[in-house]
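**Q** For reference, the chains in residue letters:
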Amino acid sequence: MTAAEWQIARFTVEMAVLSTALILPFGVALAWCLARLRWRGKALVETFVAFPLVLPPVVTGLILLKLLGRRGPIGHWLYSEFHFDIVFTWRAVALALAVMSFPLLVWTARSAIEEVNPALEQIARTLGAGEWRVFFTITLPLAKRGILAGTVLAFARALGEFGATIMVAGNIPGLTTTLSTGIYQLVQAGEDNQAWTLAGVSLALAFAAVWINVRLMRRSKR
Amino acid sequence: MSLILKNISLPLAPFTLEVDVEIHGRVTVIFGPSGSGKTSLLEVVAGLRAARTAFIQLDDWVLTDVARGVFVPIRQRGVGYVPQDLALFPHLSVRQNLLYGRKSGRDKERVFPFERIVEILEIQPLLQRGVTQLSGGEKQRVALARALLAAPRLLLLDEPLASLDLKLKMRILPYLARVRDEFRIPMLYVTHDRLETLALADRMVVLVNGKIEQTGPVQEVFSRPASLAVADMLAVETILEGRIVKMDGELVTVAAGPTALVSAAQNLPANTREVYACIRAEDVMVLKGGDVPGSARNHLAAVVKSVAREGALMRVELDCGFALAALLTKQACEELALQPGARVVALVKAPHIHLIPR
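Note that the protein sequences, when read in sequence, are chains A and B. The opening position of the first sequence corresponds to residue 1 in this note's numbering, with each subsequent residue numbered one higher. The opening position of the second sequence corresponds to residue 223 in this note's numbering, with each subsequent residue numbered one higher.
Be aware that one or more of the hints could be misleading.
Covered stretches of chain A (in silico footprint by chain B; criterion: 3 or more residues with CB under 8 Å from a CB of chain B, positions within the stretch not fixed) [unchecked claim]:
1) 18-29
2) 134-143
With the Cβ distance kept under 8 Å, some of the chain A side facing chain B (calculated, not the full set) [unchecked claim]:
3) Thr2
4) Ala4
5) Leu127
6) Gly128
7) Gly130
None of these hints come from the bench; they were simulated from the model. What you are looking at is a predicted structure, and each value in this text was computed from that prediction instead of being measured. C-beta atoms are modelled at their ideal positions from N, C-alpha and C, and glycine is treated no differently.
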């Protein structure tokens, strides 16, 4: 593998790790709210979270682009206040991956939390535990495997994301090119051999992620 | 301890739980058939379930007052709860389960030493195990110890022995009695088991379809059930339909089929005619046929139908014009040579025939 190929592989993994780490606390918190609380607008939030799963990724990317571009409502504010660019930088990559993998994490974590017997949480309360203690000592440990599996799923999704990334981050070699966008570009340029090298890396990463996931799921069923 | 449950109302599926009662004493049994609202009542007291209306006061502390918007959070109530399924934390060891709610420092006078509880409930050898490796009786003791270690002001036990067979039940009962005597925590104990009630409780509340049918000392409720529903539920062995034929001061003569029974009736409404006569098997004496009756007024010629073991005692079914059950010791059965077909005399003292208007 050439230095450029290594860079792309490392960058993709870094971005996937970063985006997964970014969504983990929010995803688990939202999953808990969906699993344990009843609130107004819950159905709306559920629909909204699921959107990136059903929308064509390029459409999600387009929406992000319009929101975060220098002329978009959020992007404009960030640029004028902090001179801060998102679109067509590594930040856009991380953000696109985060948005696209968020629903997978939330969905899996939610059902993992729902499977925890609420009676155990109630008993913890009668034993004097406050809500944080209940969450960290009862709910989280018992839902751990499911949440971990959701995290791996989200990570795997992030590794392979294409449509939203290319819309919002482009395909700038050495800057925003990921494995997927890199492969696309190589094939377009007729560099099939190099494309196959990157495809091999993708395959290995995907295999590792799914294998870990299967192992986790099997153990959590026991 | 005093626990005031006032104006409690909670709609449940087929009926509404409606409770108004003051509970005093160490162990109070909430007695009732399954589905009578017993568990829901405990959950309301523990704060696990919100009632439509409720006023709950433990000693001088108001825990819930729906009308005034008072609701002490579950974790601050100091109410220990052992649910029927025990709810041990499956991911923690026995020791970690026990220590989960352990109090220290604060509330020092109510803290029970860990070692003492472990000793009394004989948990020492289990401490390092995971809770999924425990037997039913062991789980029961661990759940009880866990609740005790949180130093509750009141302990709620929901059918703690219901899932155990009779043999195991007899082995766990003494642990509960020890806890009652050693730690002096007031308990509300939900059950529909006579044995547990008689062994542990000093007072009882009888709950049927969400309503309180009777409250009082255990012995009194058992010997003077307030209604047919209560008598039925306490499984008073013999319930006869009868008609009052004579009232002579305290003594009431009741015709039940061909037999006349004399009862020392207790405050019957003035013009009662039709009654149920209730006789508990423990109160029936059996003598050899031809023996001279003592001071008991009701001596009935009877034929033994069957003899069977019931716990430590023998249950003897008699036919004396109506079916009458008696509980005797094994020795007594042997001395009387009781076997099906034997002719005997059954004796029931007048105060032991309890009349319920029908």
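**Q** Hint by hint, say whether it matches the structure.
**A** How the hints compare with the structure:
1. 18-29: violated (count 0)
2. 134-143: holds (count 4)
3. Thr2: Hint violated; A/Thr2 Cβ to chain B Cβ min 48 Å, cut 8 Å.
4. Ala4: Violated. Min distance 47 Å.
5. Leu127: Holds, about 3 Å.
6. Gly128: Status holds, d = 5 Å.
7. Gly130: Check passed: Cβ of A/Gly130 comes within 6 Å of chain B, closer than 8 Å.
Figure legend: structure checked against the earlier numbered hints; hints not met, in rising order: 1, 3, 4.
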